[in-house]
Amino acid sequence: MSDTLGVARPRLDAPEKVTGATRFAADGYVHGLLHARPVLATEPHARIRGFDTDATLAVPGVVAVLSAADLPLAGTGTDRTSEPLAREEVVFAGQPVALVVAETEAAAEDGAELLVVDYEPLEAVVDVEAAMEPGAALARTVEDSDDEGGDLESVHGQVDKGQEDDAGEQLSGNVLDRVTREQGDVAAAFAASDAVVEATFRTPWVYQAYIEPQVCTAWLEPSGTLVVSTSTQGSFVTRRELARAFDLPLDRVRVIAEPLGGAFGGKFALVEPLAVGAALALQRPVRLVLTRSEDFAATNPASAQVTHLKVAARADGTLTAIEARMIVDRGTNAGWGVEGATSLLVAGPYRWQAHDLRGYGVQTNRFTFGAYRAPGAPTAAFALESLLDELARELDLDPIELRLKNAVVEGDVGVSGNPFPTIGAVEVLERLREHPLWAQRNSLPDGEAVGMAAGHWPGAMEPASAVCRVDADGTMTVVTSVADMSGVNSGFAVIAAAAFGLPPEQVRVVTADTASAPYAGASGGSKVTYTVGPAVIRAAEAAREKLLAAAAQELEIAPGDLEVVDGVVRAVGAPDRSMTVQEVASKALRFGGRYEPIEGHGGSAQTSGAPSVAAHLSHVRVDRQTGEVTVLRHVIAQDVGRALNPALVEGQMRGGAVQGIGWALFEQLDHDEDGRLLTGSFLDYAIPTAERVPEIDTLIVEVPAPDGPFGAKGIGEAPVVGAPAAVANAVARAAGTRLYELPMTPPRVWQALRS
Amino acid sequence: MIPAETRYARASDLDHALELLAEPDSKAIAGGQSLIPVMKLRIARPSLVVDISRLDLRGVEERDGEVHVGPLTTWNELIGAEVLQRPPLAAVAECARGIGDLQVRNLGTIGGSVVHADPASDMPAVLLALGARLRLRSPEGERALAVSDALVGPFTTTLEPDELVTDIAIPMPPHGSGSAYASVEHPASGFALAGAAALATPDGESVAVTGVGLTPFVLSGDLSDAEIFGDRFAPAEYRRALARVVADRALSAARERAKVNR
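Protein sequence lines correspond, in order, to chains F and S. Here the first sequence is numbered in the working numbering, starting from 3 and rising by one per residue. Here the second sequence is numbered in the working numbering, starting from 627 and rising by one per residue.
Calculated directly from the structure, the hints in this document are not laboratory data. Everything numeric in this text was worked out from a predicted model, so none of it was measured. Any given hint could turn out to be false.
Part of the chain S face toward chain F, derived, beta carbon under 7 Å [as the list claims (entries may be wrong)]:
#: 1; residue: Met627
#: 2; residue: Ile628
#: 3; residue: Val810
#: 4; residue: Ala814
#: 5; residue: Ser815
#: 6; residue: Phe855
#: 7; residue: Ala860
#: 8; residue: Leu868
#: 9; residue: Val871
Far from chain S, some chain F residues (derived; all Cβ distances over 10 Å) [to be verified]:
#: 10; residue: Asp56
#: 11; residue: Leu124
#: 12; residue: Met581
Cβ pair distances, simulated, as ranges [as the list claims (entries may be wrong)]:
#: 13; chain 1: F; residue 1: Ser757; chain 2: S; residue 2: Gln711; range: 16 to 22 Å
#: 14; chain 1: S; residue 1: Asn732; chain 2: F; residue 2: Ala16; range: 24 to 30 Å
#: 15; chain 1: S; residue 1: Gln711; chain 2: F; residue 2: Pro505; range: 29 to 35 Å
#: 16; chain 1: S; residue 1: Asp677; chain 2: F; residue 2: Ala201; range: 54 to 60 Å
#: 17; chain 1: S; residue 1: Asp677; chain 2: F; residue 2: Leu140; range: 53 to 59 Å
#: 18; chain 1: F; residue 1: Glu543; chain 2: S; residue 2: Asn732; range: 51 to 57 Å
Glycine included, every Cβ here is placed at the ideal spot set by N, Cα and C.
If we strip away everything but chain F, and leave its shape as in the complex, we get (with noise of 0.2 Å):
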């Protein structure tokens, strides 16, 4: 087990991605196979008085326009998942209004351009402050009568709802939702404090940029089951989901969630209703692939955010108070945003006296908002670890020195009113304390700095179960539903081999459809190892309880005097007397055999949650000229438990960081004051390429989750979270002025520079 734990392996699915043998979603063959080509709306608000289809209809392989009325839909809400095209009312430009669907797909695109939709504009809400003034105009005028949107919240991150509202706001219809946390005496406290610091802070729209656009096929068998192939992070959720829209008993639906070509919380039952209505209604084969720019126009990213916040300390560095009042753009998703859990997490991983924190999801005219690695905690870290390093600034203290004078610890009560479980703020700030880099930052020429800053995720839970099979070969199969994002499947594949013990090379791991799997819920949240390991391993023991009885009989010992080490039973003190797994496998799996196949099924349900820290450092260079920000140099530190894997873990340290790198410097989708969208494309829209990545340091900190398999917790999600605030830390260092506002692109720097 020793060296089948915490050795970089490389991915199990690497050979076949790179050499391009996966076969993702949009690859099948499917026999009378339709193309799909959505419309979508040009405006961010308006009436469908009618669409015109002659001229669609008449080119050659078209097959059918349709629009929400052709889709046999129940009427289950206005979310997208039950309302795939807009019905009667478009709340925003890009949002699908209509298909044409075609024998090809040149058919199918010549189709859509010539489809007309007559619109009756309404006025649009863009502005998210001003949408929420009582007496703004409605961003939806239809009423939203039965929504249940809502359920996809409980794929991401656990989060409470907070208190009771403050009746006394007066709010426009807008805001659909508002959360309150209070406790003691914030105003005191302020008063009380050596350092107040305040300021509001605006983020944008940030789009997921998964390399694999939105994909579904889907078709009916002849027995009437629905079959749906597709992009996504979850086919439980998916087939739930569908089963609600259409009215569809689960039985008769089948989603095989394919090779995932990226998702960062962007693929949750979006694209699959319009498919699967297509589908349903023309009983025809039907595939959807959203080209990159229908896929910046019509998702679902992660919202704009405007935080209000004010924190304050002793001058001692005891951090005293912290007040928010954070506006979270919901877009057009009324069934959930990220107000509660931004308004939770602003408090980040530290104490303190007192505190009112409020959050806002608010309606307006611009896409539906969706979930990105780690909903509301890189918007709500930007601005608290600004603040953190105004205060160090204003008392003199050594920023991480003030950070882990309040770090955390096991039994902390959180702003949540729920004590911390076992969490490794301290220890993360400690190491990245050491780093060289902290030492170097003030030797460092003119319009270089270092800054740092945390973060933290919760992680979740959700209940999930694996079954594990040894075939007569002596290999493993490890079958679970989870759809293999940032490579979870490997990360079982050691944790099934150490709990049996099998050399990790032996195992495989398959992601079954909902047809045969056994469940588990989606691949998001920082849950999947945390929560589907300990099924693994409790299957992979189960297996081995077989195995074990099997080979007691045969080598004639008792089960408790064996051991299974690299695929073989031996006799403990013993080992001469064994035998190898692919013996007693064998002779169970055979006409005849007299033992139970080596298989086993486990299951889990945490109760208790893992939460991960991860601080980075980051240098950058500011061209004062220009306003031009290069990061140089990254460092991250990270709490992930136990490193299952080291490879994988860095990988998701490293793409964290790169992300959060994206949301600081680079990535907006900006629309017009009319509300459409500006930064629909790559050519538009930057992210950080490989060439303005620098080198990142990775720092492994474990801190064993006791309830995680073998220590691990969950990963994908803290390292993005801090990335930001450490390189705005560092530009306003370097810069000697601090932006309230992201992405700090170089005109915004060049004018905070002047002003």
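Using the hints provided, position chain S relative to the given structure of chain F.
Positioned in the frame of chain F, the structure of chain S alone reads:
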């Protein structure tokens, strides 16, 4: 992302190309790095695409005090041309090195870039600073046209629809000259937010800028009076300041190269 229906023909020689291009709404294609993207967006929908990529209009040659660049010469071929490494014309190779990525530089051509007339395209600024001239052919005959007279607006030139560029002639600056290109790129597109090419000769200096106006232009004065383009990402005020910075940077680098060339 699928172009509208179009026909395709490959020209066997220059006369054949001109004959094919007589068709209204036809379009010449060489490297396709500008035309194909706009066709995929259906902004351009030519009835006929005339492939001129096999014509003998490629290469860099120094003769009679000029450097002649074939319009089909790719960015990578420019980067590799010896005469464009030397200080007087170093701006050309320097500029080409910063264009697109390797795939774009393997296919994209200098002639296609100039006639596409993207207002933020890099190379036209270099050709303006160096005083380059285009040689044009049409069924009616031949003519010469200064690059400064060819570029009149965004994606707009004074070329006739049936004219093809057959040569780009760059006067060889005198001994003791140097040239350079400097730019600040849009972080997504890589096009210049502001770019500047400079030529420093013993007789004088010239600077041309791109990315900041309706078309690249030769600088006269300090840009205070120039009409500068702005958008939500980079307001005009910023681009004006940036143009000054890159102009200074290009000019300093050109002067440094001129010293080496003495």
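Hint check:
About 5 Å separates the beta-carbon of Met627 of chain S from the nearest beta-carbon of chain F, less than 7 Å, and the hint is met. Taken as an interface hint, Ile628 of chain S checks out: its beta carbon lies about 5 Å from the nearest beta carbon of chain F, inside 7 Å. Because the beta carbon of Val810 of chain S sits about 5 Å from the nearest beta carbon in chain F, less than 7 Å, this interface hint is met. Nearest Cβ of chain F to the Cβ of Ala814 of chain S: about 4 Å, under the 7 Å cut. The hint holds.
Among the interface hints, the one on Ser815 of chain S holds; its C-beta lies about 4 Å from the nearest C-beta in chain F, closer than the 7 Å criterion. A cut of 7 Å between beta carbons decides the hint on Phe855 of chain S: the least distance to chain F is about 13 Å, and the hint is violated. With 7 Å as the threshold, the beta carbon of Ala860 of chain S comes within range of chain F, its nearest partner Cβ sitting at about 5 Å, so the hint holds. Below 7 Å, beta-carbon pairs count as interface contacts, and Leu868 of chain S has one with chain F at about 6 Å; its hint therefore holds.
Interface hint at Val871 of chain S: satisfied, since its Cβ lies 5 Å from the closest Cβ of chain F, which is below the 7 Å cut-off. Listed as a non-interface residue, Asp56 of chain F keeps its Cβ farther than 10 Å from every Cβ of chain S; the least gap is roughly 19 Å. With a minimum CB-CB distance of about 24 Å to chain S, Leu124 of chain F clears the 10 Å threshold, and the non-interface call stands. Under the 10 Å C-beta cut-off, the non-interface status given to Met581 of chain F relative to chain S holds; the minimum distance is some 56 Å.
Roughly 43 Å separates the CB atoms of Ser757 of chain F and Gln711 of chain S, a value that falls outside the hinted 16 to 22 Å. Against the hinted window of 24 to 30 Å, the Cβ-Cβ separation of Asn732 of chain S and Ala16 of chain F comes to about 28 Å, which satisfies the hint. Between Gln711 of chain S and Pro505 of chain F, the C-beta spacing of about 56 Å breaks the proposed range 29 to 35 Å. Look at Asp677 of chain S against Ala201 of chain F: about 58 Å separates their beta carbons, and that is inside 54 to 60 Å.
For Asp677 of chain S and Leu140 of chain F, the hinted distance range of 53 to 59 Å is satisfied, since their beta carbons lie about 54 Å from each other. About 56 Å separates the C-beta atoms of Glu543 of chain F and Asn732 of chain S, a value consistent with the hinted range of 51 to 57 Å.
Violated hints for the displayed structure, listed by number in ascending order: 6, 13, 15.
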